[in-house]
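Colleague: For the sequence shown, the numbering used here begins at 88 and goes up steadily by one.
Just to be clear, a hint being listed does not mean it is correct.
[To be verified] Restraint-style ranges between C-beta atoms, simulated for each label pair: (1) I329 / G272: 17 to 23 Å; (2) D238 / H177: 44 to 50 Å; (3) T293 / P168: 30 to 36 Å.
It should be emphasised that the hints constitute simulated quantities derived from the structure, not laboratory data. Predicted, not measured: the structure shown is a model, and the values here were computed from it. Just so it is clear, CB atoms sit at the ideal spot from N, CA and C, and this is done for glycine as well.
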Amino acid sequence: MKDRSSKIFGLIFFLFLCGGILYLLFAGPDSNKENKYEKIEITNNKLLTENEYLKYLELYDTTIFKELTLADIKVNLERHPYIIRAEVSHDGINKIEAELTEKIPKALIITDNEFKLVTEKGELLPLLNKNIVNGLPIISNIKRNSKELLDENELEAAFKIINAVQLIDENMYESLAEINLRNGGDILIMFAGFRFPIVFGKNSETRKILALKNIWSNLINEKGSNYDIEYIDLRYKNKIFIGKRKPTETTG
Numbered sequence: 088m089k090d091r092s093s094k095i096f097g098l099i100f101f102l103f104l105c106g107g108i109l110y111l112l113f114a115g116p117d118s119n120k121e122n123k124y125e126k127i128e129i130t131n132n133k134l135l136t137e138n139e140y141l142k143y144l145e146l147y148d149t150t151i152f153k154e155l156t157l158a159d160i161k162v163n164l165e166r167h168p169y170i171i172r173a174e175v176s177h178d179g180i181n182k183i184e185a186e187l188t189e190k191i192p193k194a195l196i197i198t199d200n201e202f203k204l205v206t207e208k209g210e211l212l213p214l215l216n217k218n219i220v221n222g223l224p225i226i227s228n229i230k231r232n233s234k235e236l237l238d239e240n241e242l243e244a245a246f247k248i249i250n251a252v253q254l255i256d257e258n259m260y261e262s263l264a265e266i267n268l269r270n271g272g273d274i275l276i277m278f279a280g281f282r283f284p285i286v287f288g289k290n291s292e293t294r295k296i297l298a299l300k301n302i303w304s305n306l307i308n309e310k311g312s313n314y315d316i317e318y319i320d321l322r323y324k325n326k327i328f329i330g331k332r333k334p335t336e337t338t339g
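Could you build all of it, start to finish, from the sequences and the hints given here?
Modeller: The following block contains the structure:
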């Protein structure tokens with residue numbers, strides 16, 4: 088009888104001990120304590136700095152976010168025009184870690200007398216930092232359709248030129264300064280370091296860029312002697328026309 092009572096007592100004590108441990112694990116002194124976020128750390132950001140993102144979204148890193156959940160902060164970050172997705176987590180202490188996936192700007196575009204970024208998907212974004220434009224070509228004089236929207240065919244033509252230049256010659260791409268769509272007319276392109284335009288026309292982007300590449304080295308190496316070039320015309324198949332300025336006559 089005593090052995091049976093001892094076993095029952097031992098079982099009760101064991102269950103009580105297990106219950107106490109579980110209570111400490113799941114309902115201990117910190118169970119009612121809310122997470123306090125004192126800092127947001129942003130990673131994988133290339134377009135803007137961490138402070139620029141937080142300032143735009145009014146999520147300052149010196150603030151304790153008492154009423155915001157991780158889901159709230161994720162939503163706030165993803166409403167920024169530059170952000171596709173934000174993976175948000177808590178470090179277990181007081182910091183939120185946010186890894187961003189940003190949109191990719193393809194070019195700088197002039198529309199309504201202001202500069203905007205245009206992504207590889209044709210989305211227009213505000214220009215929030217002038218440093219973003221470094222290395223991006225400008226698309227100018229794009230035609231509008233009847234709905235006062237940018238003409239998609241015009242934008243696609245500009246993108247084809249950018250892609251062809253980037254694929255064929257990286258150095259040429261780095262020098263690509265402007266694609267002037269001329270409101271639906273023959274396209275002109277400009278390269279940094281040259282004062283003359285390239286009359287590109289329309290279509291056959293790869294063929295024309297390959298033709299330009301064939302004379303690119305000469306243009307670069309003889310940059311000082313190119314002052315008399317007025318234009319280069321790529322509109323004709325298998326031919327490149329180089330227009331020269333007429334020499335200025337001087338009278339004695």
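Colleague: Take the hints in turn and mark each one as holding or not.
Modeller: Results of checking the hints against the structure:
About 21 Å separates the C-beta atoms of I329 and G272, a value consistent with the hinted range of 17 to 23 Å. Look at D238 against H177: about 46 Å separates their beta carbons, and that is inside 44 to 50 Å. At roughly 32 Å, the beta carbons of T293 and P168 sit within the given window of 30 to 36 Å.
Against the hints set out earlier in the document, no violation occurs for any number.
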